[in-house]
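Novice: Here is what each chain is made of, one letter per residue.
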Amino acid sequence: MTPEAPLAPRDREHALRLLRAMLRIRRFEEACAEQYSKGKIRGFLHLYVGQEAVAVGVIECLTADDAIVATYREHGHALARGIDSRPLMAEMFGKVEGCSRGRGGSMHVFDAATRFYGGNAIVAAGLPLAVGLALADRMQNRDRVTVCFFGEGAMAEGEFHESMNLAALWRLPVLFACENNLYAMGTALARSESETNLCVKAASYEMPAWSVDGMDVLAVEDAARRAVTAVRGGGPLFLELRTYRFRAHSMFDPQLYREKSEVEAWKQRDPIPTFVARAQASGALGADDAARIEEEAAAEMVAAVDFAEAGHFEPVADLARHVLFEGGAQ
Amino acid sequence: MTGERIKQSFREAFRQSLREALVRDERVFLMGEDVGRYGGSYAVSHGFLEEFGPDRIRDTPLSESAFVGAGIGAALGGMRPIVELMTVNFSLLAMDQILNGAATLSHMSGGQFHVPLVIRMATGAGRQLAAQHSHSLEGWYAHIPGIKVVAPATLEDARGMLHTALEDPNPVLIFEHARLYPVEGEVAADAGPVDLERAALRRAGRDVSLIAYGGTLDRALEAAESLAGQGIEAEVLDLRVLRPLDEAAILASVARTHRVVIVDEGWKSGSLSAEIAARIAEHALGELDAPIRRVCSAEVPIPYPKHLEDAALPQAARIAEAARELVRGG
Amino acid sequence: MPSLGADMDRGKILEWRKQVGDSIARGEIVVLVDTDKAEIEVESFSAGVLEAILVPVGETVPVGTPIARIRSAEAGARPAPKPVTPPPPAPPAPQPAIARPPAVTPRELPPAPAVASAAARPHATPLARRVAAELGVNLASVAGTGADGAITREDVERAAAPRAAAPPPAVAPAARDRAAAMRSAIATAMERANREIPHYYVESRVDLANAIAWLAATNAARPIADRVLPAALFVKAVALAAREVPELNGFWRDGGFVPASEVHVGLIVSLRQGGLLAPALRDVCEKSVTQLMADLRDVVARARAGKLRSSEVSGATISLTNLGDQGAQRVFGVIMPPQVALVGFGRVTEQPVAAGGLIGVRSVVDVTLAGDHRASDGHRAGRFLAALARRLAEPESL
Chain A
1 MTPEAPLAPR DREHALRLLR AMLRIRRFEE ACAEQYSKGK IRGFLHLYVG QEAVAVGVIE
61 CLTADDAIVA TYREHGHALA RGIDSRPLMA EMFGKVEGCS RGRGGSMHVF DAATRFYGGN
121 AIVAAGLPLA VGLALADRMQ NRDRVTVCFF GEGAMAEGEF HESMNLAALW RLPVLFACEN
181 NLYAMGTALA RSESETNLCV KAASYEMPAW SVDGMDVLAV EDAARRAVTA VRGGGPLFLE
241 LRTYRFRAHS MFDPQLYREK SEVEAWKQRD PIPTFVARAQ ASGALGADDA ARIEEEAAAE
301 MVAAVDFAEA GHFEPVADLA RHVLFEGGAQ
Chain B
331 MTGERIKQSF REAFRQSLRE ALVRDERVFL MGEDVGRYGG SYAVSHGFLE EFGPDRIRDT
391 PLSESAFVGA GIGAALGGMR PIVELMTVNF SLLAMDQILN GAATLSHMSG GQFHVPLVIR
451 MATGAGRQLA AQHSHSLEGW YAHIPGIKVV APATLEDARG MLHTALEDPN PVLIFEHARL
511 YPVEGEVAAD AGPVDLERAA LRRAGRDVSL IAYGGTLDRA LEAAESLAGQ GIEAEVLDLR
571 VLRPLDEAAI LASVARTHRV VIVDEGWKSG SLSAEIAARI AEHALGELDA PIRRVCSAEV
631 PIPYPKHLED AALPQAARIA EAARELVRGG
Chain C
661 MPSLGADMDR GKILEWRKQV GDSIARGEIV VLVDTDKAEI EVESFSAGVL EAILVPVGET
721 VPVGTPIARI RSAEAGARPA PKPVTPPPPA PPAPQPAIAR PPAVTPRELP PAPAVASAAA
781 RPHATPLARR VAAELGVNLA SVAGTGADGA ITREDVERAA APRAAAPPPA VAPAARDRAA
841 AMRSAIATAM ERANREIPHY YVESRVDLAN AIAWLAATNA ARPIADRVLP AALFVKAVAL
901 AAREVPELNG FWRDGGFVPA SEVHVGLIVS LRQGGLLAPA LRDVCEKSVT QLMADLRDVV
961 ARARAGKLRS SEVSGATISL TNLGDQGAQR VFGVIMPPQV ALVGFGRVTE QPVAAGGLIG
1021 VRSVVDVTLA GDHRASDGHR AGRFLAALAR RLAEPESL
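Line order of the protein sequences matches chains A, B and C. So in our numbering, spot 101 of the first sequence is number 101, and the numbers just go up one at a time. So in our numbering, spot 183 of the second sequence is number 513, and the numbers just go up one at a time. So in our numbering, spot 194 of the third sequence is number 854, and the numbers just go up one at a time.
Hints are computed from structural coordinates only; laboratory data are not their basis. Among the hints, erroneous ones may be present.
The following residues of chain C were derived to be distant from chain A, with all beta-carbon distances above 12 Å [unchecked claim]: (1) R686; (2) K697; (3) P890; (4) G966.
Which residues of chain B face chain A? A few of them, derived with a C-beta cut under 7 Å, are [to be verified]: (5) A400; (6) A404; (7) N430; (8) G441.
All residues carry an ideal CB built from backbone N, CA and C; glycine is no exception.
Isolated chain A (complex conformation) (with noise of 0.2 Å):
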């Protein structure tokens, strides 16, 4: 599914939209990552660093209508999907101006507005839910898409089977987007898969599987589109998208699973660099406009921090609140 011939930009436009996305994406894991040393945020925190193209690439596709449902590993989705830097920083320092009011932290990021879907922290618990919202999308004959992220570990559990074979079965347009980052935590994918070839095993399930160079958004993209033309009023397709984390698994991960050597290599094709590089040999961005991108994201996120730094934690009194719904009978 990777294009032979490299892609380039479609324009300026285009090109500052992909960068700026992966660069807020970039920045913002970098300052979590430093205000979890600080002790601000607490708890698990999984950054998304060296993955920035394919949550990009993947939600420059959808539309505002269609479905997201992510891991706990969603602070990128969450922001190419459109959720403010803002309150998405406050909701990793759990206060109650946060997008779930502080209640879920790194892990459950949640946004109705923008059909964001968490957040999951159950591995491969969110393919279930996304074929219910496709399932509900059919019945009422909806042409929305939903997309489902998951890691390569995630087809490893009972449910990533469940799930693809009821969604082909009954023709669902979810769009099962695989995060191969080659390893679950510390178990690389040979040691955790007898068949490591996962579109051999997605195929399996009678639907299209298709595998993409990750770390190239230009890539991803024009991969992601296809594919989400094909899901909306159509079926269930799987989308393996090949990646890598420069970061641990998590904020205290020794990452003794794998080589510095290894990291350094793939560090070489780093999603944001290697396409700054292409888009300024292809003329669509300028000699300033990545430093300039550079600055406003520095700037928002340096403004994220302080939001959330003035934020207020929910009142103990509320605890009890939105256990049940509060609105009345529907």
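Dock chains B and C against chain A, hints included.
Specialist: Here is chains B and C on its own, set in the frame of chain A:
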């Protein structure tokens, strides 16, 4: 209200209730194993596939986790799914979706999402189905904040609880005791929706309270009859709703009789009966003229041979015996 | 020292990867730290020059302790972060700080109590204890017939009766026996009242003209079974007046007055076969006069039939005795301990009354308040009676 009464089994009552729900609201659909072509494993949905079609009566593969998760997603997507888990025994495969999905979404997202999902399951023992098919795990589910749990034990409730459950914006679990399906009785021809909030006094008395639910209600009533023959007037309280418990009704009953026997088909340790006993001790200690007694299943996996199964389950004779001991004091 | 995990509270410096004077790029690894779980490389979030190493290799410091100083080289960069205080142990939500438990110096425990003897706490059910307290029964003198020999409510009631105890019944005793036990219990209470409570009495003649007229009008439209009698008005008025004068509504316990938060009015009901019962009407202030009349009818009927529950014979916070039907002009009653007041009503009669320089005839009733002088005085009593009279003069407000 015409006042006309008809003879009906619980199975027929559940079926009528389900059919009326499907007719009443086109968002309602039934999903589960063998609900369509097989006509329902307990024949509750017999004939529905022909009447409502395969879109609304969906046979699923043996994928409890996926189709419960899909039920959650479909509910989020605007449908009113009724997911049928064949029995509570198989629900364990979907427990993650129920607990980490349905029950937590509202609170965890800061109130942004709610899940109007109904899950029906058969429960209970008594038909020599042996250890893996005889569980009563209502108490486990009643432990979880964010869902409602109900146990219809009368025909009125079998007819009326589903209606109200479908109108509830929160997940509702309905436990149908398998032993009741063929049991017949009289009920109003136009029996309608019932509340999902209050316990019901099925028999008034003054010497001892028998608190029961679901499949143990008829045992408790039988015990009360036998006690009456010995001059002991027992009152029988049908919990109806296991979460949230109608604490006021429980405490009022204890305040009337000052002696209580709690009947629960779950195993005694850490059961729902333990919760009820704790609440009585917490709020009505001064009303007790005797220790709280519980009659539950023996702490064994339910065995296959009839005599052992009977010995393991709470029977009317054991309930009456416990009540007598309380009244006679020694 | 950064926080590198949910359960990390300190770290040990293993190796400095940079020396003083080295320049550091943002994201570069500066030091290797041991966190108990693993060895983690720590990056710098600022670019600049390493100015000072503050914690040497081998030392362990808490999370938040400054370990190195970097002089930032970026023009217009943010000022170096201030030393970060360690994260607070509890979430900084607006709630009182969790207090540390006081240091406990170990000392010898007192010797274990001797095996339970007659002097030890009697084994009684919670309900039996409550009833024993209300009836003034000493549990040590009661034989228990409940589970494990526990004293039950019935055991207490039986003990309150001065005559010989009947053998423990196999089944709940007949209603008549129960009434007899209650009667005897009241007698015991009366003896105690006379012994313990310093009574004083204040009396007032209350104008019932408005009340009687209101009753006539209200009852005109009702069937006999629903008609309201003056007694219901008296009960409501007493309750409302008791709310206004709380020193009369509550209990004398352990040498002090304990006011009750609700008003439950005890009714002295005489029994045909002799003796009396004192059932309580609960939450009288919240009930309508119509409801009270129904409750009154019910409770009096059941009292006379011996069908009261023990729980109904307890809990009154102030009592009322109405001997008007018996023809008494006024009543000087005996307070039911542990209550502190009793309101007595005599017969409703027509009397000449002077008002505005003229003489007329109006319905009146003589009301007497018996007060426990430990808990209240004549001043309060006077206010109570005034409040009572005011309420009865405005029957619509009842």
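Novice: When the structure is checked against the list of hints, which entries are broken? Sort them ascending.
Specialist: 1 and 2
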